[in-house]
Structure formats: structure tokens, C-alpha cells
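Please take these sequences and the hints and turn them into a complete structure.
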Amino acid sequence: MVKSCNNSIIRSSHEAADALDWDEAMRLITRLERDKRYRDAMLIAAGCFLGLRISDLLTLSWNDLLSDTIRLNEKKTGKKRVLRVNAELKRHAERCSEELEIEDLDDFVFRNTNTSVNQHFSRQRAAQILSEIKVTYKVKSARVFSAHSLRKTFGRRVWQNECENNRGEQALVLLCDVFGHANVQITKRYLGIRQEEILSVYDSLSN
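Numbering (the numbering used here) for the sequence shown: 1 to 207.
Quick caveat, the hints were computed from the structure, so don't treat them as lab data. Fair warning: there could be bad hints in the mix.
[Said to hold, decoys possible] So the derived label-pair ranges between C-beta atoms look like this:
hint, residue 1, residue 2, range
1, Thr115, Asn165, 43 to 53 Å
2, Glu88, Asp35, 29 to 39 Å
3, Arg34, Glu101, 16 to 26 Å
4, Lys140, Arg194, 17 to 27 Å
5, Val173, Arg39, 30 to 40 Å
6, Asn114, Arg167, 39 to 49 Å
7, Thr30, Gln119, 25 to 35 Å
8, Asn161, Arg189, 12 to 22 Å
9, Ser116, Asn161, 24 to 34 Å
10, Arg31, His181, 25 to 35 Å
11, Thr30, Gly180, 27 to 37 Å
12, Arg39, Ala16, 24 to 34 Å
13, Lys138, Glu88, 20 to 30 Å
14, Arg194, Glu94, 35 to 45 Å
[Unchecked claim] Straight-line distance between alpha carbons at most 20 Å, and here's what the computed PhoX-like set of lysine-lysine pairs gives:
hint, residue 1, residue 2
15, Lys138, Lys36
16, Lys36, Lys80
17, Lys134, Lys36
For glycine and all other residues, C-beta sits at the position ideal for the given N, C-alpha and C.
Here it is in C-alpha cells:
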């Protein structure tokens with residue numbers, strides 16, 4: 001089987017959302033911070049570095065992202081998860097929490113600022129934010145940009161990094177467990193990897 005670890009984004013026939021190119025995702029976070037859209041920057045950063053479902057992502061507190069590890073119970077599955085907070089993600093959280101002058105680190109990162117109680121905004125609101133970001137910042141690598149895009153961006157980044165070390169198949173096994181998929185083939189379809197492998201057959205004919 002021919003494998004490809006390039007950065008092209010291939011649409012999965014089973015999932016509508018597209019992953020972001022990693023470099024574009026990192027630039028997007030920087031631009032959002034520059035424009036003082038700190039919570040929006042954290043939505044992209046946390047989504048790309050943690051790979052959580054949006055229902056779990058929205059429940060994160062500042063304390064979670066400023067710690068070394070996050071412990072949570074997945075809303076969809078009820079499973080207990082332990083995640084490590086990447087050093088770069090923690091730096092983003094430190095900067096944004098300082099800029100927002102967060103006083104209570106137990107507050108939700110994605111707090112609904114229209115209410116005085118500590119309540120995170122809805123999945124629908126998250127979808128609206130991402131839709132607006134795509135248009136305003138001209139996101140190119142994801143034709144369909146949604147919360148699933150962030151989760152897929154995480155998965156493809158892990159897979160691509162491990163492909164460079166000839167550990168692509170091992171990465172898929174781990175991602176299958178992280179995503180809670182029934183088997184690796186579902187994970188490959190979710191990330192659009194099978195279609196990328198098929199298209200790479202044509203590239204292999206070049207001298």
C-alpha cells in the first residue's frame with residue numbers, strides 16, 4: 001500500500017468537515033490573538049492540540065489548560081479520560097488568560113459572557129463562531145470548517161508526524177483509541193487517509 005504524509009486535505013466521503021492545514025491553524029491562532037479575540041483563539045488552539053469533541057471542549061476551565069494534565073468524563077461515552085496539556089497550548093492559555101484578566105481560574109474558558117453565572121456557550125454558538133472565522137480570516141484549507149475540523153486537525157497532525165518516523169500505522173491505532181472508534185478503518189476514513197493513499201498512487205508514477 002502506498003502511503004502519503006503530505007499536507008493535502010482530502011475530503012472523507014463519510015464526514016463533511018475538513019481538517020485544517022497545521023501551519024494555517026497556527027497562523028490563525030496568532031491572528032486571532034493579535035486581534036484580541038482571545039476566547040476564539042483558545043477555541044482553535046484547544047481544539048487542535050487536544051482533539052476533543054466540542055461537547056467536552058466547551059467544559060474546559062482555565063485551570064484545566066494551565067495544568068499539566070486534564071481529567072474529564074466524556075459526555076458522549078461517559079469514559080474517563082486523562083489528557084496531557086501540550087506546552088504550546090499552555091503558553092496560549094497563559095497569554096489569553098492574562099489579556100482577559102481572568103480572576104477565577106475555575107471559570108469556563110468558553111464562558112458565555114452574556115450572563116453573570118459561570119456558564120459555557122452552546123455548541124450552536126461555537127459553530128457560529130467558527131463559521132464567522134472562516135469567512136473573516138479566509139480559511140483556505142478547510143472548505144467545510146466546523147468543530148469536527150479541529151478534532152481532525154489534531155488527528156492528521158499526529159498521523160503525519162508519526163509517518164515521518166515510519167510509525168503511521170501505530171499512530172492510527174492510538175488515534176482509534178483516542179477518538180473512541182470501533183476500529184482503525186473508521187479512523188482512517190474519518191481523517192480522509194484512505195483517499196489520500198489512493199491519490200498518492202498517481203503521484204508515485206513520476207520519475
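Consistency of the hints with the structure:
1. A hinted range of 43 to 53 Å for the beta carbons of Thr115 and Asn165 is consistent with their spacing of about 47 Å.
2. At roughly 19 Å, the beta carbons of Glu88 and Asp35 sit outside the given window of 29 to 39 Å.
3. About 18 Å separates the C-beta atoms of Arg34 and Glu101, a value consistent with the hinted range of 16 to 26 Å.
4. Checked against the hint of 17 to 27 Å, the C-beta distance between Lys140 and Arg194 comes to roughly 23 Å, which is consistent with it.
5. Val173 and Arg39 have their C-beta atoms about 34 Å apart, which keeps the hinted 30 to 40 Å range intact.
6. In this structure the supplied range 39 to 49 Å holds for Asn114 paired with Arg167, their Cβ-Cβ distance being about 46 Å.
7. The hinted window of 25 to 35 Å between Thr30 and Gln119 holds, with their beta carbons roughly 29 Å apart.
8. Evaluation of the 12 to 22 Å hint for Asn161 and Arg189 yields a pass: the beta carbon distance comes to about 20 Å.
9. At roughly 43 Å, the beta-carbon separation of Ser116 and Asn161 lies outside the given 24 to 34 Å, and the hint is violated.
10. One distance hint, 25 to 35 Å for the beta-carbon pair Arg31 and His181, holds here, with the actual separation near 32 Å.
11. Roughly 31 Å separates the CB atoms of Thr30 and Gly180, a value that falls within the hinted 27 to 37 Å.
12. A C-beta distance of roughly 25 Å is found between Arg39 and Ala16, which places it inside the suggested range of 24 to 34 Å.
13. Between Lys138 and Glu88 the beta carbon distance is about 24 Å. The supplied range of 20 to 30 Å therefore holds.
14. Here the CB-CB span from Arg194 to Glu94 is close to 39 Å, well matched to the stated 35 to 45 Å.
15. A threshold of 20 Å between alpha carbons decides the hint, and for Lys138 with Lys36 the separation of about 18 Å falls inside it, so the pair holds.
16. Using a Cα cut-off of 20 Å, the hinted pair Lys36 and Lys80 is violated, with the two alpha carbons roughly 34 Å apart.
17. For the suggested pair Lys134 and Lys36, the alpha carbons sit about 17 Å apart, so the restraint of at most 20 Å is met.
Violated hints, listed in ascending order, are 2, 9 and 16; each of the other numbered hints is respected by the structure.
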